[in-house]
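Spelled out, the chains give:
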Amino acid sequence: KQEVTQIPAALSVPEGENLVLNCSFTDSAIYNLQWFRQDPGKGLTSLLLIQSSQREQTSGRLNASLDKSSGRSTLYIAASQPGDSATYLCAVNYGNKLVFGAGTILRVKS
Amino acid sequence: DTAVSQTPKYLVTQMGNDKSIKCEQNLGHDTMYWYKQDSKKFLKIMFSYNNKELIINETVPNRFSPKSPDKAHLNLHINSLELGDSAVYFCASRQGLHGHTFGSGTRLTVV
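Same order as they appear, the protein sequences are chains A and B. For this note's numbering, count along the first sequence from 1 and bump the result up by 25. For this note's numbering, count along the second sequence from 1 and bump the result up by 144.
These are computed hints drawn from the structure, not numbers from a lab. You may find that some hints are simply not true.
[Said to hold, decoys possible] For lysine-lysine, the following DSS-like pairs were computed, each having C-alpha atoms within a straight-line distance of at most 30 Å:
| hint | chain 1 | residue 1 | chain 2 | residue 2 |
| --- | --- | --- | --- | --- |
| 1 | A | K67 | B | K153 |
| 2 | B | K153 | B | K180 |
| 3 | B | K185 | A | K134 |
| 4 | B | K180 | A | K26 |
| 5 | B | K163 | A | K67 |
| 6 | B | K211 | A | K134 |
| 7 | A | K134 | B | K184 |
| 8 | A | K26 | B | K184 |
| 9 | B | K184 | A | K67 |
| 10 | A | K93 | B | K163 |
| 11 | A | K93 | B | K153 |
Predicted model, so just to flag it, every value in this text is computed and none were measured.
With the rest of the complex left out, here is chain A (with noise of 0.2 Å):
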């Protein structure tokens, strides 16, 4: 079965602060990896995608790794900010569809 956990659920931290973000999947046969990030109430704005082949992918102050054999990525995120405070959700395509952790709750505190 291919399901995909994030941890920590949910996490509070102060402004400027450097932090990571977890993604495991069972199922290591996967296409590709996408980051989105989720503000209450909207829809999902895409990250940073990985392609299966690549290691990393970096935009901006967000760096994501991805290691398939072991079935992990991280999302890092370098001097967190107040604006940065929302939900991140890992997505993980295996061919024709995206299986979705359950997201981490970002509060950036000023």
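Dock chain B against chain A, hints included.
Relative to the frame of chain A, chain B by itself:
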């Protein structure tokens, strides 16, 4: 320009009614999807269409019927709505190994 657009954004209806949600993408993508986000915010795939052909039907009750009149549109019709159908429904599209692009969601409330 909105890449994936859904209408309506909000839908409040009574149990037993039939309703439709429309989705259009202007990205030229071949594959379109419907995902459901339940009250616990968990997202799960419902349907996938590739070039108007149904690819995935993820054990969704047959009260839900997707229709793809062309590659750019994927509509979702729901018959005999039940309280448990209340959720946010997201349309998405994708091309090849590129990432999914999501619409802004339709919040369905069944009363």
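Hints violated by the structure (listed by number, smallest first): 6, 10, 11
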